[in-house]
Structure formats: structure tokens, C-alpha cells
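Asker: Now for the letters of each chain:
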Amino acid sequence: MRSLLWFSVITLFLSPLVFGFGLRVADYPNDDGTRLVISWEKLPPPELEAADPDSYILERSTGSDGDFAPAAVISKLDPTLTTTDQDLNKDEKYYYRLSCTSEGIVWVSEPAGPYTPVENWYNTGRTNVLIGILLTGAMVGWFISQGKKGRSQYLRPIAGLLALDEAIGRATEMGKPILYSSGRGSMNRPASIASMNILGSVAEKVASYGTPLIFPNNDPVVTAVAQEVAREGYTKAGHADKYNSDNIYFVTDSQFGYAAAVDGIMMRERPATNLFFGTFEAESLILAETGNSIGAIQIAGTDSSIQMAFFIVACDYVLIGEELFAASGYLSGDPQVVGTLKGSDYLKIVIAILLVIGALLGLLNQTWFVNLFVTA
Amino acid sequence: MDIGFIYDYLIASERLGIWIAALLTLAIYSFLYKDNPIYRFAESLLIGISVGFLLVTTFETTLMPKAFEPLAISFTGIFGSGGFGAFGSFLWLLVPVTLGLLMFTRFVPKYAWMSRVALALYIGFGAGASIPANMQSYILNQIDATIRPFLAIDSFAAAVNAAVILVGLISTLSYFYFSKAHTGIFGKAARLGTFYLMIFFGATFGYTVMARISLLIGRLTFLLRDWLGLIS
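Protein chains in written order, with this note's numbering: chain A, 204 to 579; chain B, 41 to 272.
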């Protein structure tokens, strides 16, 4: 009796998903527990060899003797012999069967199941992403520690940032305000975070000179963060009393409403310096052209690749792409930010080496290396 | 009701809408001459309407379905058949709602520091979530797309294409390398990278200007056809 029980358990363990007409149910790998993979033997089954119908119905139920409902139509010509059933519930047990009605014959396979989709916590198809993040994190951590130990970390000069002092000085001499814009990015975008870092340094400088800083905003959360950052900048400069939160305000989240408002502010306030750092969209040229028309010195930086071209033609200095992220490291000199920049620099060397190796191995038809970079 | 009257009413209201849109278009275009009261009126109207629209959509699409309704359902569930499960989901909902409410502490200077908790979580989550996505789409997928063509070189043109992209990527990367001055051979590579960048900027500029001109044509068509009826 005991051996029979063990036999049953082992048989069930070895082939728990094989039922009826060779239907196999397996969990869909690396998903959120909403999909199952169902495969079957070559069709038709012996009972339908004479009729040889063109298609079959894959039916699904939450009980072996419950109501089966159609889940998919399967063609007999489907070479994959597999389908994926989606939008399932990870807490539910599912049964499957194939059915077909042809030439008066009603054929139904034995139900396969039960099977419950499993939610996968780790996506094995993204192991390369994890390795990339760990490698980058290790390099960044190393350079941050070097910076904190006081080791000198050279960064080449960027023209746009060197001009920042000149631009602030010009506004101070002319007795006009500085207009700052972070564009249309929400606060969880890297460009907006970089923009806030730059704003901190700009606020510190303008606080020393007593130059008004105007910052109309497109996002309420960015407004809140910008007010905090600017306040801190003024406090660092020792002029907390000069900080005016009314100069950093929310306008509207509408793209062209924002553009129209900033254009109007430029025409009325006549800032001597416009600083555009962040994520910009179609409003970039509208803002930069208006700034140009009032004779303001303009410095821009964005990660929006398409908008860079417009800033280049309408602004005096432009931080291209990653220079925007580098800017906060330059301006603050903070070992953490500089360390991050150095770490990303060395990541570029790793990428260049991988590209050269990949190209050479590609010429030798070594697909395995190229496949290392495929992600799920 | 008379069908003819309804038809006339609809036509009249459509004409009125076209007139309002046309006059506001001209009011905004008046900025091309200089800042003026008509432009300011249109600007204020646009900002006011967009903020009003933002308030309504935030209430309808965020506050109601994601906060008020789930809170009400789970709260009533506690006293109904939901029991402990409903109480648990109510507590889970309270966490984000409380974080959102913390933002309102900014209006009380003494407690304004509390809003930083919500802000820190929002920014931290955003930055953290973007790191794997950026690693996948901007680094691994780009490496894959750059070196995969080398597996299928079957002509001289395909070889040139693959080499141009590879050289462009490496030289552009060298431009964005900040730990070394752009001098010597490295400087030449960075210089080559700037040429690639300029070609990209030129192409995107031309492409986008073309799209903007089509927007202008659309607006002029509206004015000349729908409003003035000068073109068919």
C-alpha cells in the first residue's frame, strides 16, 4: 500500500501537467503571475483523423468538472503547438481542454490541470541589467569614496557652465532678474533632478549678488522642490532673508499655456539672463526665440534630443545631453555628484570596449556574445 | 421641436465657436508684433482654462477613482462583510493618501518640513525606477543594436553601415567623456563625435521645422477656410 502511494506521488511529481490529449500546462516564465503556456500534441487526435478538422477550441475552466469557456482558437496548422493564455488570476486554479465539433462528431479531450500561474519575483531575462547596474554602482561607489578621501578628480571644462557666472553677473550689473525654467519634466525625471541641483548653485550665486530669480513652473511638485532647493541655496549663501518664495510659482500644466505665460513674463519682466535646464518639448523654441528677441543671454541644457537643435540655434550656450547631468557635479563640487560622473565616465570606457569586442566577434559570427545584451 | 430650428441653432453655435477660435488665434499671433493687452487677455484665458481643466481632470481621474472611492469602499467594508481584510486594505490606502496630504503642510510654515517626506519618496522612487529602464533601453539595447549588424554583413554597403554606426557611437561617447581634456588622439575622436552630433541636430531640426510648418498650414487653413471661407 505504501509503495503504491509513493508510486502515485512520484508519478504525479514527474508528470503533473500531462493530461488528456497530451495537453501540457506550464507557468509563463518571468511574468507577474497572469499567464500560462499551454502546448499540445500534433493534431488531429486519433478519433478525428478521418474528419481532420481545420481548427480546435482551447477551453478554460476554474474547475475540472466546471463550465469550460473558449480561451483560444487553435489552427491544426499552427507549427508551434503552443499558445499563451493571458490575463489570468494568480490565486486561481485553471483547467484546460481541447474540443472540436466536426462532421457530427463532438470531441473533447480530458481536462488538464489544475494549474495556478506563479508570480515571479526575479526576471531571469534581465540578469544582464542587474549586472550592468551592479557594475555601474560599484564604479560610482569607488569614485565617491575616492572623492571623500580628498583625491583630486579632474573634470574637463564645459563652455556653457563657464558662462554661467558671466550670465549671472550680467543680470546683476543690469539690475534685471534672471529667469529659470526646468521645462515640462515631472520631478521623477533625471533631467528635472539635475535641474534642481543646478538651481541650488544658481540660487546660491544670485543670493550673494541680490539678483531676483524668477522661476515659473509647469508642475506643482517641481514647484515645491524648487522652492525648497532655492531656499537652501539662499541660506547657504547667508542671505535667507532675501529668498522670496513668490518668485517660484506654479503657472499651469498645459504645455502651450506654460509657453505663453513664460513668453509674457519675459516681455514684461525683461530678464537679462534666461536659464533653461530640464526636459523640454515643443515649447523650447518658443521660449528661446522670445528670450533671444529681448536680448537676454541664454544658457540651456536638456536631455530631450530633438529639442537640443532648437536651443543650439536660439541660445548662447547649450549643455548637450549628459553635460546637463555633469553640470551639477561641476557647480557643486560635491564628491557624491562628481563620483557619479566619474563612474559613468568609466562605464563609457567599458561600453566602448564591449562594442569593439562585439563587432569583432560579430564578424566571426559569434552570436553568443551579442545575445548577452538581449533583455526580456 | 422644429428640426429646422435645432439645425439653425447648431449651425449658429458652430459659427460662434469658429469665430471665438479664430479671434483667439489672432490674439495669440499678435505677440509676433509685440506684447499687447489682447495677447495678455488670450494668455490669461488659456492659463485659467488649463488650470481649471487640470483641477477637474485631477479630481475625476485621480482623486475619485484612486483615493476617495477605494477609501469609501474599504471603510464601509470594515463594518460590512469585509472584516479584517477590508481593514487591511483601508490601512494600505491610507499610506499614499496620507503622503499626499502631507504636501498640504507646505501651507503651514511650522509644519512645512513634513512635505519633504512625500517629496523624498516621490523623487527617490522615480530615480530608482528609471535606473533599470535606462540601463536596459539606453545601454544594453543600444549595444545590441550596434553590434548585431556585424553578424549579418552580406554586402559592402552593410559593412559600411555597421562601421559608420560603430564609429559614430564610440566617437560620440568620447565627446561625453568628462575625465580627460579633449586633446591629442582622444580630442580628435571627440571632434569626430561632434560632427555626428551636428548631423543629428541638423536632421532633427529640419524634421521638426517641417512638422511645425504643417501646424502653421493647419492654422492658416482654419482661418482662411473655416472662418473666412476664402478657400474651399
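FYI, nobody ran anything at the bench for these hints, they're computed from the structure. Don't take every hint at face value.
[Unchecked claim] Straight-line C-alpha distance at most 20 Å; calculated DMTMM-like pairs for lysine to aspartate or glutamate:
| hint | chain 1 | residue 1 | chain 2 | residue 2 |
| --- | --- | --- | --- | --- |
| 1 | B | LYS74 | A | ASP281 |
| 2 | A | LYS245 | A | ASP268 |
| 3 | A | LYS245 | A | GLU295 |
| 4 | A | LYS551 | B | ASP184 |
| 5 | B | LYS220 | A | ASP281 |
| 6 | B | LYS150 | A | GLU435 |
| 7 | B | LYS150 | A | ASP449 |
| 8 | A | LYS352 | A | GLU376 |
| 9 | A | LYS279 | A | ASP235 |
| 10 | A | LYS296 | A | GLU262 |
| 11 | A | LYS379 | A | GLU262 |
| 12 | A | LYS379 | A | ASP368 |
| 13 | A | LYS245 | A | ASP281 |
| 14 | A | LYS445 | A | GLU407 |
| 15 | B | LYS74 | A | GLU472 |
| 16 | A | LYS551 | A | ASP519 |
| 17 | A | LYS445 | A | GLU376 |
| 18 | B | LYS150 | A | GLU472 |
| 19 | A | LYS279 | A | ASP255 |
| 20 | B | LYS150 | A | ASP257 |
| 21 | A | LYS379 | B | ASP184 |
| 22 | A | LYS408 | A | ASP456 |
| 23 | A | LYS379 | A | ASP281 |
| 24 | A | LYS279 | A | GLU322 |
| 25 | A | LYS245 | A | ASP235 |
| 26 | A | LYS445 | A | GLU484 |
| 27 | A | LYS293 | A | ASP255 |
| 28 | B | LYS220 | A | ASP537 |
Asker: Compare the structure with each hint and give your call.
Answerer: For each hint, the structure was consulted:
For a cut-off of 20 Å, the pair hint linking B:LYS74 to A:ASP281 is broken: about 67 Å separates their Cα positions. The hinted pair formed by A:LYS245 and A:ASP268 fails the criterion: a straight-line CA distance of about 25 Å is larger than 20 Å. Between A:LYS245 and A:GLU295, the direct Cα distance comes to roughly 28 Å. Violation of the 20 Å bound is thereby established for this hinted pair. Annotation: proposed proximity of A:LYS551 to B:ASP184 holds, straight-line Cα distance about 15 Å (limit 20 Å).
Taking the CA atoms of B:LYS220 and A:ASP281, the gap is about 57 Å. The hint is violated against a cut of 20 Å. Distance hint between B:LYS150 and A:GLU435 is fulfilled; the C-alpha atoms sit about 16 Å from each other, no more than 20 Å. For the proposed pair B:LYS150 and A:ASP449, the alpha carbon gap of about 18 Å is at most 20 Å, so the pair holds. Between A:LYS352 and A:GLU376 the CA atoms are separated by roughly 39 Å; this puts the pair beyond 20 Å, and the hint is violated.
This hinted pair does not check out: A:LYS279 and A:ASP235 have alpha carbons roughly 30 Å apart, beyond 20 Å. Restraint check for A:LYS296 and A:GLU262: the C-alpha separation of about 14 Å stays at or below 20 Å, so the hint holds. Under the criterion of a C-alpha separation no larger than 20 Å, the hint pairing A:LYS379 with A:GLU262 is inconsistent with the structure, at around 74 Å. A threshold of 20 Å between alpha carbons decides the hint, and for A:LYS379 with A:ASP368 the separation of about 15 Å falls inside it, so the pair holds.
For the given pair, A:LYS245 sits about 9 Å from A:ASP281 by alpha-carbon distance, which is consistent with the 20 Å threshold. Simply put, A:LYS445 and A:GLU407 have alpha-carbon atoms about 11 Å apart, close enough for the 20 Å limit, and the pair holds. Only pairs whose Cα atoms come within 20 Å are accepted, and B:LYS74 paired with A:GLU472 is accepted, the gap being roughly 14 Å. Between the alpha carbons of A:LYS551 and A:ASP519 the distance comes to roughly 28 Å, so the proposed pair goes past 20 Å and is violated.
Taking the CA atoms of A:LYS445 and A:GLU376, the gap is near 18 Å; set against the 20 Å cutoff, the hint holds. A hinted pair counts as satisfied when its Cα atoms are at most 20 Å apart, and B:LYS150 with A:GLU472 does not qualify at roughly 32 Å. Only pairs whose Cα atoms come within 20 Å are accepted, and A:LYS279 paired with A:ASP255 is accepted, the gap being roughly 9 Å. Among the hinted pairs, B:LYS150 with A:ASP257 is inconsistent with the structure: their alpha-carbon atoms are about 75 Å apart, more than 20 Å.
The hinted pair formed by A:LYS379 and B:ASP184 fails the criterion: a straight-line CA distance of about 50 Å is larger than 20 Å. Distance hint between A:LYS408 and A:ASP456 is unfulfilled; the C-alpha atoms sit about 29 Å from each other, more than 20 Å. Distance restraint check for A:LYS379 and A:ASP281: the Cα-Cα separation of roughly 72 Å exceeds the 20 Å cut-off, and the hinted pair is therefore not satisfied. A distance of roughly 31 Å separates the Cα atoms of A:LYS279 and A:GLU322; the hinted pair therefore is violated under the 20 Å criterion.
Our distance criterion of 20 Å between C-alpha atoms is broken by A:LYS245 and A:ASP235, whose separation comes to about 30 Å. For a cut-off of 20 Å, the pair hint linking A:LYS445 to A:GLU484 is broken: about 33 Å separates their Cα positions. Taken as a hint, the A:LYS293 and A:ASP255 pair is broken in the structure, with Cα atoms around 36 Å apart against an allowance of 20 Å. At roughly 19 Å between alpha-carbon atoms, B:LYS220 and A:ASP537 fall within 20 Å of each other, so this suggested pair holds.
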